[in-house]
Amino acid sequence: MKKNILIYDDDAEILFLCKTILQKYDYSVETLSRCDDIIHDIDRFNPSFILMDLWIPEIGGEKAVKLIKENDAAKHIPVFLFSANTDIKEICKKVNANGYIEKPFDLKSFIATIQSHVQ
Amino acid sequence: MGLTSALSKGFNNFNNKILTELPIAISILSGDDLVIELANHKNLSLWQKTSEEVLNKPFLEVYPFLESTAIAIILQDVLQSGIESTQKETLITINSETLWFSITCQPVKDDTGQTIAVMMVLVDISEEILARKKFENTGKETEIFNRTVLESNPDCLKVIDKEGRIQYMNVNGLCLLEIDDFKTIKNKLWGDLWDDDNKELVIESVKKALNGETVQFVAARKTLKGSLKWWDVIVSPVRNSDDGIHQILAVSRDITHQKLSEEKILQAHELFETTLQNVPSAIYHLDKNGNILYLNQLAAKQMGYDSVQEMLTVENVYELRNRLDESFTLFDEKGKVLAADESCTSITLKTGKPAELVMKFVSKKDESSFWLLTKSVPLHNEEGELTNVFTSCTDITAQKQSEEALRQSESRYRRIFENTPLPIWEEDFSEIKNRIDKLVSEGVEDFDAYFATRREKLYDYIDTVKIKDVNEASIKLYGCTKEELLVGLRQFYMEETLTGFIKIFQIIAQGGGRFETESMVKNKAGQLLNLMIFIDFPTNRDDYSSVQVIRFDVTERKKSDEALNYRKALLEAQNEAIPDAILIVDEEGNMLSFNKNFAKIWGMPDDIIVNKDDNAALAYAMTQVIDPAGFIERVRHCYAHPAIKAHDEIALKDGRILDRYGNVVVGEDGTNYGWAWYFRDVTEQRRSEKIIRESEEKYRGLFERMDQGFCIVEVIFDLENNPIDYRFIESNPMFKQQTGLDNADGKTMKEIVPDIEISWSQMYGKVVVTGESIRFVDYSPAMNTWFEVYAFRLGNKDNNKVAILFTNITERKRAELEVKESEEKLRLLTETIPQLVWMTDEIGNPEYLSSQWVKYAGEMPMGEYWTRICHPDDAITSLNAWHKSIATGDKYITEIRLKNKEGEYRWHVSVGVPLKDDDGNIIKWIGSVTDIHDQKLKEQKKDEFISIASHEMKTPLTSAKAYLQLLEMSLDENDPNFIYAKKATEATERLNKLISELLDASKIQHGKLNYNNSAFDFDRMIADTIENVQYSSITHKIIKVGSIDKQFLGDKDRLQQVVINLLTNAIKYSPKANEVIVKIKSQNNYLHVSVTDRGVGMSEKHLEKVFDRYYRVEEHSVHFQGLGIGLYISYDIVKRHNGNMWVESVSGEGSTFHFTLPFIN
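Chains as they are written, first to last, in this note's numbering: chain A, 1 to 119; chain E, 1 to 1161.
It cannot be assumed that every hint is accurate.
20 Å max Cα-Cα, derived SDA-like pairs, lysine to any residue [what the hints assert, rightly or not]:
1. K24/A / F1016/E
2. K93/A / F1016/E
3. K24/A / G212/E
4. K93/A / N1013/E
5. K89/A / F1016/E
6. K1003/E / I91/A
7. K983/E / S109/A
8. K108/A / T464/E
9. K24/A / S970/E
10. K108/A / N900/E
11. K19/A / K993/E
12. K108/A / E989/E
13. K1008/E / W55/A
14. K108/A / L79/E
15. K89/A / A981/E
16. K89/A / A1015/E
17. K855/E / N900/E
18. K94/A / Y1011/E
19. K108/A / A1015/E
Pair by pair, the computed Cβ-Cβ distance ranges are [unchecked claim]:
20. K884/E / I111/A: 18 to 24 Å
21. A1015/E / N96/A: 48 to 54 Å
22. P872/E / E90/A: 40 to 46 Å
23. K1037/E / Q115/A: 45 to 51 Å
24. H76/A / L966/E: 14 to 20 Å
In short, the hints are calculated from the structure, not lab data.
Glycine included, every Cβ here is placed at the ideal spot set by N, Cα and C.
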């Protein structure tokens, strides 16, 4: 069974790109351009890995990570922040995300990172 | 044997044993042959025999050598006579040793009384005898010695028998008595040798001596040859062994010389005593506690006591003063009342120094007064302690009165003053004038001739002179009452007076003028008086009803002049003599007396001193002085010219200098008693004089050389005592430079600068009057100069002298004014510029704030204002920055939000710079606060924009890069399109880097760049970075040298960013080179990284700016792309790690970038 990867980003181009790449590597990819109810989304898609844009509309990446990590049912899911922000490393630590992928990313390391963290 | 029984009988009280052991030699000899029956141990040892050798043998057989000696004879005698016999001091030779024995022989008798044996006891008395003999011999020697001494004794020694006849006289005695042959006086009665005056005395003394007394007397006697000699005679009995007196010894010492000296001294003493009692000065001699030891009659009289004895009941001088205070009030010359301890004597007692004081005694009863000139001289012992005080008081009332009269007359009668103020009479010459005028009109010209024939008429003329008034002095002079004087002149006139009187007519006839003559009158008591008469007849008027006549008593003056001179001479002699070495010699130069100091100062050997040997003393002195010839020459000169008071200086070989004074001691009758020489050791004085001189020179030198102007002025006062000018007495070389005044000495200030302000004179006048020194700064418009002045009074008030130390401070003042003006300008400027300006002292206390603050904050910032107007978020950081700057002296710069009066916070940049003095010490902080609020907002917007823009740019970049990489992956590496895709990917990477840098720069600007510190392997980081960069560079080889071998705590990513930046720069700016060298090393507590390229380098002017934001080296900007923010970011990262970053570069040769980072723990 294909692992489900949930990607949030407000940029459709990025979502499409990521979906394209990851599908090549045999992942099932769900993309969302906004985040209104993260727990509901997780319930719906049951992801093995979440890539969260820092500046995702409505609740924002930071809050979303927080909610996941506070939810007993969801907190085991690896969540990576996804941003062009140069301070992403610090924010990542702050919100206790599992890691981050900085934009623009290197394709090889992007795949390697996800592969190593998908449960 | 009968003997044995006899023995046992005779010695029955003896124990044989005891006999044997007795320490006396005992033997018993019996029979005619003197057979030795018994010999005890002592006896045997004495003779050095054994008992076997002697016992039962005849005595002479054992001791044959004793035959016919005293011992044998005595033994036979006792045996035959039966009487005990003792032989003292018998000399016996035993074995060649001669010993003295005392021999006692006792007969031993039988019952019938028959002598049957002799007991002989021998006692060795050799030691006693020898001792006695020795003593006897010594006695003989002593006698010889004594005789020699007697003969050589300088005194006259006589041995006189019981009858008083001379038996012996020593040779010196003969000489002294001028007797040629002793035979001429031998057996003569001693008393007969004396004059009748002393004969009894001599005979009496002999009698007394015969009674065992020793008598001494002094008597004068002419020698046989007629010279008068004084003798000190001691007559003593000579006792023989049986204590009887058979002879008398008379020792006469010639004391003629001594006696004569004594007489002279006595005379001198009498003279002294008489003089002291008769000098017209009161004399006191006190001990160091002020107790009165001696005073003369006048002293008692002066103090109102009847006798010296009465005055001596007063214990001491202080008590005396207290008693005096009951009767008198004492004033000094200036009219100040004197307390008891302010008297001349008290001063000397207190200070140990001579004192001189003029005192006025005013009686409390009748206000009469007298003046005393008091002089006190201290006497010190050798240790320099005060022992005595010698005070003399001279009545100078007359002199003082004269002075007083002088003063009074000066103001009242100027003309009288010119004549000398003494007894003054006011006389009416009107009638005489009428008569003379009449005579003149009658044609009389020669009044001498006219009155020669009319002598009796003169008295009529004299009687017409009416005496209107006379003064006290006149009354005294004539010794009568005022009423008696007013009767008329006639009573005093004599024949001689008349001659002078006629001259008066001559003057009157001439129409007045000065009459002056010496004339003789008699006073009430009939004594003749020599008078100088002065009359000034008015020349400008005919009124002769009141003419002042002065009669000046020259008799007294002459006399008193003499007395005064003598008095003075005596006083001086006393004063000068006391602390010094004194030598009194008679007119021939023989030493009469001297004091201790004389021997001490000269170091005279004792023998000279004791013998008062004039020649020896002089000879000795000659050996001590450097110039003996001059010394003796001077002495001779003095003796030859007694009228000249000798005073000279003697230099001694030991370096000391003596002042020598010679005074002739002359009696009242003019007799020259001799000379008093005073020697004063002035070595110390000369030395201190030298020191003082040197010190004075030194100070003078100082005055000459010092930078300040110095002058001494004499302030000139007008009649109302207002200071009006001052005269320069002395000035130093700087004076001219400081004042611009040349040759001022001797001139007054007004002479030099006529329009000089009066304030200067007033200032100095004040110093003169008050005696208080002043310091002030003042400007003289007349001299157009500012002066800083310190003025103090020199000497006392009467001198009017002021010393002035001053500096011309015109330049300084001008500078100060300029500073003031410029400060004013600056103030105006700060008020007008929009910035808020502030100034604090070196530690941050506000000193100045421009008025813009009020405009801005609505109030002048005071106290807690900062916390009130500063945004709470900025307050702490700005204060920390401020304190750091104050501590380090670094420029202060901070951005803060300050609340304006509308309550709005606006951003300001506050910049403060330290103001340093020449030595680099911070003296002030000056700063400005500029409103950057609008600018700040713009910047914030810009940063927001950059932040958003970079984010927005990165989004498509992310897609682009990902697609390109996808493309790249889909292509074969040999496909030419693969290269294109790869290049495109690299381009997106560069673009990404630029965007990141721009964002970083923006963040640095606001301190928002975050750091994540952790420990990491620095070597590893470098190696990775090099590998990474090397990967994308095929043109350059990156060479790494050295290592750290240590963990480093810091932000690994950021530091990597720095290394990347340096490496990429090195590659970028050295396009023609092929290598880049990275050196890393660990030094002490920091690491050092350098990156060297052989590139284009840069000129020096860029070296510091290269780390600025957006800075680009312009000559390279054409060839090299970039925003100019990479080094700016790197520099910030290194700084944030508390490190340092710098560059060394030579244009065209390459650059080396360095950075160091401190290890933290």
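Are there hints from earlier that the structure breaks, and if so, what are their numbers?
Those not satisfied are hints 1, 3, 8, 10, 11, 14, 15, 19, 20, 21, 22, 23, 24.
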